[in-house]
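**Q** Construct all of the structure, not just a fragment, from the sequences and the given hints.
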Amino acid sequence: MVQQFDSYTVVDSATHVNGRLTLGEDIADLGGLKVAYAALQRALAGRPRPPDIDGLAPEQRFFLAWAQIWRSKATDQYLRNQVTVDPHAPARWRVMGPLSNLSEFARAFHCQAGDPMVRPDSLRAQIW
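The opening position of the sequence shown corresponds to residue 957 in the numbering used here, with each subsequent residue numbered one higher.
Worth flagging that the hints you see were computed from the coordinates, not collected in a lab. Using N, Cα and C, we set each Cβ at its ideal position, and we do this for glycine too. Fair warning: there could be bad hints in the mix.
[Claimed, not checked] Label-pair restraints from in silico Cβ distances:
#, residue 1, residue 2, range
1, S963, A984, 15 to 23 Å
2, E981, C1067, 22 to 30 Å
3, A970, A992, 32 to 40 Å
4, N1037, R1003, 41 to 49 Å
5, M1073, Q997, 17 to 25 Å
6, N1037, A999, 21 to 29 Å
7, E981, R1005, 30 to 38 Å
8, P1076, G980, 18 to 26 Å
9, P1043, H1066, 27 to 35 Å
10, R1063, P1007, 13 to 21 Å
11, S963, L1012, 23 to 31 Å
12, Q997, A970, 40 to 48 Å
13, P1004, V958, 39 to 47 Å
14, C1067, H972, 20 to 28 Å
**A** Here it is as structure tokens:
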């Protein structure tokens, strides 16, 4: 995950997330998503399938909710400072980073190998 997050740019091509600094929180985000998604699947099991809402299946709404909680707006200076001192990746990468490692996300949105939100299996972070 360090290399994955190190590759993410912030503000300009010279400013990157510090994957070593954010590693603990990156693992926590990925692990939390996996546990929460498993809980969703357990809650849905053995029950009639809930209807789609606004064209989105329950699994898609789960991942959309994850993205929505990280909506933010920050100045360039704030982001430059954040990547040097904050153990959390900037909001955009807290969403995109873990989701790109989850086959559950790819399945929910019918993503294929090579799509921007699908990391190759050989590079995908696995936890639990």
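**Q** Next step is simple, just say for each hint if it's right about the structure.
**A** Status of each hint after checking the structure:
no. : hint                         : in the structure
1   : S963 with A984: 15 to 23 Å   : holds, 20 Å
2   : E981 with C1067: 22 to 30 Å  : holds, 24 Å
3   : A970 with A992: 32 to 40 Å   : holds, 35 Å
4   : N1037 with R1003: 41 to 49 Å : holds, 47 Å
5   : M1073 with Q997: 17 to 25 Å  : holds, 20 Å
6   : N1037 with A999: 21 to 29 Å  : violated, 40 Å
7   : E981 with R1005: 30 to 38 Å  : holds, 34 Å
8   : P1076 with G980: 18 to 26 Å  : holds, 24 Å
9   : P1043 with H1066: 27 to 35 Å : holds, 34 Å
10  : R1063 with P1007: 13 to 21 Å : holds, 19 Å
11  : S963 with L1012: 23 to 31 Å  : holds, 29 Å
12  : Q997 with A970: 40 to 48 Å   : holds, 42 Å
13  : P1004 with V958: 39 to 47 Å  : holds, 43 Å
14  : C1067 with H972: 20 to 28 Å  : holds, 25 Å
Figure legend: structure checked against the earlier numbered hints; the only hint not met is number 6.
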